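K.L.:
The residues making up each chain are set out below.
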Amino acid sequence: MYSLQAFSLLWARVAFGFYSGGLAAAVAAALLRARGRQDAVFGLARAAIATGFLFQFVGLIETTAVFPLEPAAGYRVIIGLLAFVIAAFFLMVYRIYSPRSLSLVVLPLICLLAGVATLAPASASSGPSALAKSLLHNGWIYVHVGLIFVGYAGLVVAMASGVLYLFAEHGLKSKSAAASARPLLPPLQTLDLVAYRSLLVGFPLLTAGLAIGAYWANALFGRVALSDPTVLLALLAWLMYLVLLFARWSADWRGRRSAYLTLVCFGLALAGWLANGLSRMHSLFLK
Amino acid sequence: MSLWLLGVSHRTAPIEERERLAISDAALPQALTLLRQEAAVREGLILSTCNRVEVLAASAEGARPDLLAFLARATGRQQSLRPASFYQAQDVHVVRHLFRVASSLDSLVVGEPQVLGQLKAAYAHAQAAGAVGPELEALLPRAFRAAKRVRTETAIATQPVSVSQAAVDLAHQIFGDLKGRVVLLLGAGAAGEAAARALMRQGSQRLLIMSRTLERAAALAQKFGGEALAIETLPQTGELADIVISCTGAPQPLVRRSDAAQFLARRRGRPMLFLDLAVPRDIEPSVHHLDNAFVYNVDDLDQVVQSNLNERKQEAEAGEKIIEAEVDAYLHRQRARDAAPLVRALQLQAEAMRASEWTRMRSRLGALTAEQEEAVDALTRSLMNKWMHQPMVRIKEASGAADRDAMLDAIQRLFGLEDTPKT
Chain A
221 MYSLQAFSLL
231 WARVAFGFYS
241 GGLAAAVAAA
251 LLRARGRQDA
261 VFGLARAAIA
271 TGFLFQFVGL
281 IETTAVFPLE
291 PAAGYRVIIG
301 LLAFVIAAFF
311 LMVYRIYSPR
321 SLSLVVLPLI
331 CLLAGVATLA
341 PASASSGPSA
351 LAKSLLHNGW
361 IYVHVGLIFV
371 GYAGLVVAMA
381 SGVLYLFAEH
391 GLKSKSAAAS
401 ARPLLPPLQT
411 LDLVAYRSLL
421 VGFPLLTAGL
431 AIGAYWANAL
441 FGRVALSDPT
451 VLLALLAWLM
461 YLVLLFARWS
471 ADWRGRRSAY
481 LTLVCFGLAL
491 AGWLANGLSR
501 MHSLFLK
Chain B
42 MSLWLLGVSH
52 RTAPIEERER
62 LAISDAALPQ
72 ALTLLRQEAA
82 VREGLILSTC
92 NRVEVLAASA
102 EGARPDLLAF
112 LARATGRQQS
122 LRPASFYQAQ
132 DVHVVRHLFR
142 VASSLDSLVV
152 GEPQVLGQLK
162 AAYAHAQAAG
172 AVGPELEALL
182 PRAFRAAKRV
192 RTETAIATQP
202 VSVSQAAVDL
212 AHQIFGDLKG
222 RVVLLLGAGA
232 AGEAAARALM
242 RQGSQRLLIM
252 SRTLERAAAL
262 AQKFGGEALA
272 IETLPQTGEL
282 ADIVISCTGA
292 PQPLVRRSDA
302 AQFLARRRGR
312 PMLFLDLAVP
322 RDIEPSVHHL
332 DNAFVYNVDD
342 LDQVVQSNLN
352 ERKQEAEAGE
362 KIIEAEVDAY
372 LHRQRARDAA
382 PLVRALQLQA
392 EAMRASEWTR
402 MRSRLGALTA
412 EQEEAVDALT
422 RSLMNKWMHQ
432 PMVRIKEASG
442 AADRDAMLDA
452 IQRLFGLEDT
462 PKT
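First to last, the protein sequences are chains A and B.
Each residue of the first sequence is one higher than the one before, starting from 221 at the first, in the numbering used here.
Each residue of the second sequence is one higher than the one before, starting from 42 at the first, in the numbering used here.
These are calculated hints, taken from the structure and not from any lab test.
No farther apart than 30 Å at their CA atoms in a straight line, the calculated lysine-lysine pairs in the DSS-like style are these:
| no. | chain 1 | residue 1 | chain 2 | residue 2 |
| --- | --- | --- | --- | --- |
| 1 | B | K220 | A | K393 |
| 2 | B | K354 | B | K161 |
| 3 | B | K189 | B | K161 |
| 4 | A | K393 | B | K354 |
| 5 | B | K189 | B | K220 |
| 6 | B | K362 | B | K161 |
| 7 | A | K395 | B | K220 |
| 8 | B | K437 | B | K427 |
| 9 | A | K395 | B | K354 |
| 10 | B | K189 | B | K354 |
Anything over 10 Å on all C-beta distances counts as not near chain B; from chain A, calculated:
| no. | residue |
| --- | --- |
| 11 | E282 |
| 12 | V363 |
| 13 | L425 |
| 14 | L430 |
Nothing here was measured: the structure is a model prediction, and the numbers come from that model.
Positions of the beta carbon are idealized from the N, C-alpha and C atoms, including for glycine.
Working from the sequences, and respecting the hints, build out all of it.
P.N.:
As structure tokens, this is what we get:
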């Protein structure tokens, strides 16, 4: 007999399958030269992502039912949640701007996260400490994680737009790829706009998420430990996020420069994420 | 039915000759009426564009219409027609040619979209003139279908192949939607005007025009619905433009790197596209190295066009394969359709036999109830249908086979249906 936990894992695996199918379709579409076929196959990719998203949603609901306010599923659920938030953000951007080739950069990341979430075994945790439990039951930790994840999702989409912008701009500047790049890459201004608006949405949410985290870290540990690698890198990523927006507002940094800064910002955020394992505060929850 | 085609195109005749043969839209109804009066012609269509004049006719099997004589009469050129300039085709070759023309594989610029619209218009004219019957009604929609397949399944029409189109395409790559964009035209060269016109057609909102004299700029502004500005105001007003098209005869660059840097600074980094169609160049080449500035000169645009033309030629090969598949599919359908009279004749023959036998036997069976009559009727009908099933299948198969005529002959002889037409 299947347990609810097994079902949530099953849905997560189905979602991973759809995301992978979406990635395969997006790559196939990129290789096609005929515009009509390319549109149709990109449409398939989008449908696969949306279906994967729905399955992941079902899986997350069931996970919540199995582990109400309990982090026993550990890293698997957290990573799956990040993939889910990025997919949601991406689908929203896709609906507004239809930047089809953005899926070529965002989808590998979603697939990686969804895959790790699916394949990694659920940790046999001995259970969170009393300290972590009190925080979890308080509920603010979920707001902290949720806000930061949306901030990260904005950064991921901005990074993907930045990467495509650099490719498209290189094509136009070198004049060699000007003729062949068009069917695949969105216009430069669309890419710049998608990156900027994603950052605009993500920044306040990331700021709020970090502020909540800092408040509770202060309540728990009596201080915010800047020596903690996750905290330090998250703070640096946030500062770079701020510089990025400020440079755009005050110094009119758009396009290439903005794309490079976004990549640096994404790199810092990624390093902060990878440093979670070394973080005393965050390893409380991520076993 | 037989199909016939006679035509001249850019491949076979110079423009002077094509001009003489061209039939305007206004003259088409009369020409189509004349075509229908032609001996042997049952259906007809005339395609007259700047690159080709073609007459397509359907006739009874084997009856050959004199399309050259018709064209001579229709154009009033009985004396001056040079038969050597014409190409002719019959039956399957007509189908293939028509599909290629519709798909723009036979066009001067392979992949250009206009010819399909022109063929559709020619078909509409022929329909309105009552010159379209079952043969062309079956053929033309298949030609449109083939054209659609070639267009969507190959990259034949994806890339621009004229300087104006290349300019529009570049603008799309940078700005996306061109609605609301401001275009600045510097100078009054024909290439610049063509590019500006193409951009305005794409929805650019405002056209600023600067020329050596304000009067000249005003005249152009009136022609295009733009605004004339003195060229001396360029340093102050250049930043208004998203796209600058330049084709003056100025000996020195009009836009230097420092000017462009100021434009971009005042535009707060929003990109600018410079299309420099002038020789000597109007835009300093180093402007291209500025962030968010893109400079394309005549050679760059020509290179894009040439590379795209080569690409279209490669894609045309894929298009030819689609055409072959569509021609085969069309012929198969036609053969199946052609076998219909034989199938019908066989059905009628069988039904007549059944009815006659049933009438003969009925008197011998004496009084039957209504149910019994119905049962016998159903039994005989069912036996007949089962018996006829295999021959019907074989006839349909034979209609698509290579030795179609021999097989259909054999079937006709076997069932005593020699008088039934095979087509």
